[in-house]
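Peer 1: Those sequence lines, one after another, are chains A and B.
Per our numbering, the first sequence starts with residue 3, numbered consecutively.
Per our numbering, the second sequence starts with residue 3, numbered consecutively.
Careful: at least some of the hints might be erroneous.
Note that identical chains are pooled: a pair holds if it fits in a single copy or bridges any two copies.
Said to hold, decoys possible - SDA-like, lysine to any residue: derived pairs with alpha carbons at most 20 Å apart:
hint: 1; residue 1: 223; residue 2: 73
hint: 2; residue 1: 166; residue 2: 154
hint: 3; residue 1: 181; residue 2: 151
hint: 4; residue 1: 181; residue 2: 152
hint: 5; residue 1: 194; residue 2: 220
hint: 6; residue 1: 4; residue 2: 26
hint: 7; residue 1: 181; residue 2: 5
hint: 8; residue 1: 4; residue 2: 68
hint: 9; residue 1: 166; residue 2: 214
hint: 10; residue 1: 4; residue 2: 19
hint: 11; residue 1: 166; residue 2: 151
hint: 12; residue 1: 181; residue 2: 61
hint: 13; residue 1: 166; residue 2: 152
hint: 14; residue 1: 4; residue 2: 113
hint: 15; residue 1: 166; residue 2: 237
These are calculated hints, taken from the structure and not from any lab test.
Protein chains: 2
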Amino acid sequence: MKNPRLIAVGVGPGDPELLTLKGARLLREADVVVTPIGDRSDSSVAHSIIAGFVDAGRQQLLTHVYPMKKNPAEMEDAWQASAAEVAALVRAGKMVVFVTLGDPFLYSTFLYLYRILLDQYPDVAVEVVPGISSINAAAAAADLPLGLASDRIAILPATFEEDKLRQTLLDFDTVVLMKVHRVFDRVRNLLKEIGGERRAVYVKRIGLAGEAVFQNLDEVKTEDLDYLSLVIVARGKRD
Amino acid sequence: MKNPRLIAVGVGPGDPELLTLKGARLLREADVVVTPIGDRSDSSVAHSIIAGFVDAGRQQLLTHVYPMKKNPAEMEDAWQASAAEVAALVRAGKMVVFVTLGDPFLYSTFLYLYRILLDQYPDVAVEVVPGISSINAAAAAADLPLGLASDRIAILPATFEEDKLRQTLLDFDTVVLMKVHRVFDRVRNLLKEIGGERRAVYVKRIGLAGEAVFQNLDEVKTEDLDYLSLVIVARGKRD
């Protein structure tokens, strides 16, 4: 007898082979698999990752829409509806897997659902299975280690205020800049202004169609910028 | 025909089920599997993770000693010997997997080998397969998300100078403190001094024998401290 619960399974950055053995097993064992999709073209990625493990003849496969870039009330309504359905399924005795790109506890869509479940459905058991985050996958693709021995690492949105961003780049050994597409020129100029021996690598759409790695930020053109991209800045020269 | 190369496979924090499908496949396909061991009692963890995937009758299984806490020259000698053997195997046409706990590019033993290979054996092809880091696994075990939406995250040794540590705790939404066993009382006092609404969770030996999670730092006794442990500090109260 399976324990009724919600299990957030981190399925990694996009390559189905970067799913964990535990994630694959739980996808096969689940009564219900919920895949959240946004309103962007990347929505099909999660479906393609899980396709080889689930079976529509034997399992209930649900798609929940998690709108992005809409008004907050509309987003909140969608999360509330998702939480209500998930909670009802668990209360009816089902083992429900919620598919999460990357890692469920690092910048994921799941965290919106998680907050609502903790607040409003405290009787619903929740389990989290970690996944490969896009940050670790990007570092591997960029040939750029995130940290060694006593290194200090910062992960933050590149949209952070410029003075604080500058100080972070000076204080930390490695800085991972998220949401970089919005302020790419500012980041590039800031790195030139700071100077020193640093490697900065732009990684675009890691694990997804259109994945690309730029070892030189000067070669990144406006059309190369993408919502799903990041810059890793590390001390030291290119080897 | 396999491409001769060294593949660093991140095998995750300890639970063999947190290995990726890709990691499992490469362990099975390898001609040679190298498992680094330290001189601590945790050495057998990597062996236990890979045991179900490798076959001593068909593959060459090597153990390389990576000493810890010895003099630097002795450590360097061990890394050099490991690199020389790995390079010779790849040059002889072998596909060699190097087993790495956690993720190869995040505070791993592999990074010592990687540096030497890049510097001294540039003809040896190296590939990195990301793994679940102990940080992501610890967050899941602690029920404590690392970051949501535009949060800023810092990962650094707790042994960092106190003023900088205080500033980091004030500036970042989530702070992961590594090597916390050496300065645990200092960290606990600093958090009390700073005040504010923060959750701090101590996670010990994630994925290994003796794993434990303390949601209240005041309950951590001297005998609970361990080399393989960390503290995650996040804004907000315990839910």
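Peer 1: Run the structure past the numbered hints and jot down the numbers of the failing ones, going up.
Peer 2: 1, 7, 8, 9, 12 and 14
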